[in-house]
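Undergrad: Build the full structure now, drawing on both the sequences and the hints.
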Amino acid sequence: MKTEQTPKPANRSGWIMLAITLLLYGVTLFLDPSLAGSALYKSLGVLKMIAPILLLVFFLMALLNTFIKPKSIAKHLGKESGLKGWFFALAGGVLSHGPGYIWYPMLSELRDHGARDGLIVAFFYARAIKLPWLPVMVGYFGIAFTLVLTFYILLGAWIQGMIADRMNPKSTYTE
Amino acid sequence: MPPLSTRFKEALAGSFRSLSAVLPMLFAVIGLVGLFQTTVTPQMLHSLFSGAPLQDTLIGTLVGGISVGQPFFSYIIGGELLKEGISLYAVTAFILAWVTLGVVQLPLEWALFGSRFTIVRNLLSLLFALLVAWATAATLGVFL
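Protein chains in written order, with my numbering: chain Y, 137 to 311; chain P, 576 to 719.
No lab work stands behind these hints, which were simulated from the structure alone. One should not assume that every hint holds.
[Unchecked claim] Straight-line Cα separation of at most 30 angstroms, DSS-like style, residue types lysine-lysine; simulated pairs:
{"no.": "1", "chain 1": "Y", "residue 1": "215", "chain 2": "Y", "residue 2": "205"}
{"no.": "2", "chain 1": "P", "residue 1": "584", "chain 2": "Y", "residue 2": "205"}
{"no.": "3", "chain 1": "P", "residue 1": "584", "chain 2": "Y", "residue 2": "211"}
TA: What follows is the structure in structure tokens.
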């Protein structure tokens, strides 16, 4: 999947999206000011929630770039990473907190430095296991459902990663 | 090789540049999440299910895919749907689609990873919402 290279930075499309979002807020404000206020309040709540994670991602990216060379990323998360690569991707997906889009910049950098697409796809799907919310799931659906679903999510993440790699065998780091 | 402190400072600057580049899109996504959560209520999502297993499964996947919010919302809605007789297959697909798909964040994913990656990943997630839901329900012996 990496044959079509990442169209970064996302500056232009980002500003366009932001303009569209502001336009939507403007229309909502015109039609129903209280609804627009409520939406803005919810958005600020989301921003407040993700701010610490965003800070964590910021420092993780800096640490990765300081201590880990692209060649090393290619070795641990690239074509030859083997079981270790799958373990990192699945464990990372399960342990990562907050909305998925916060992790996009870091994953995108890892990908540019040689992490293969299959592992990134697996990371994304493994994020379906939400450790902090598992007790809530057990409460609603029972322990058997939670265990079975968790198992199939991990299996599904791995299979999807394999499919993604098969679809793009060139998804490896080359200097 | 430059000293560690210099490398770290350079890496911090690099991280700042990377994150700054995606901030407008990130703010747009956060703004859309707020709008969605305000205009689309759990009751509205709930009312879309009919009780027909196959139809509900597709509806669950689609509704879960466009919904945004904390995962526990999907558990609560899913739990209530299950109590009302909606199949476990449909409810599981709904929960999975909620946490693995995201229409709102598609533009950001597209911008950072490219169109091919985004389309393939989301199609795989869509397909696997159905497959994992089927496997889970079948394993638990309550398939349809």
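Undergrad: Quickly compare the C-alpha distance for residue 584/P and residue 205/Y to 30 angstroms and report which way the hint goes.
TA: Given that 30 angstroms is the threshold and the Cα spacing comes to 16 angstroms, the pair holds.
Undergrad: Given the hint that residue 215/Y pairs with residue 205/Y, test it: the Cα-Cα distance must not exceed 30 angstroms.
TA: Holds: residue 215/Y and residue 205/Y sit about 16 angstroms apart, inside 30 angstroms.
Undergrad: Hinted pair, alpha-carbon criterion (30 angstroms max): residue 584/P, residue 211/Y. Please report holds or violated.
TA: Holds, at roughly 25 angstroms.
In summary, the structure agrees with every hint in the numbered list given earlier.
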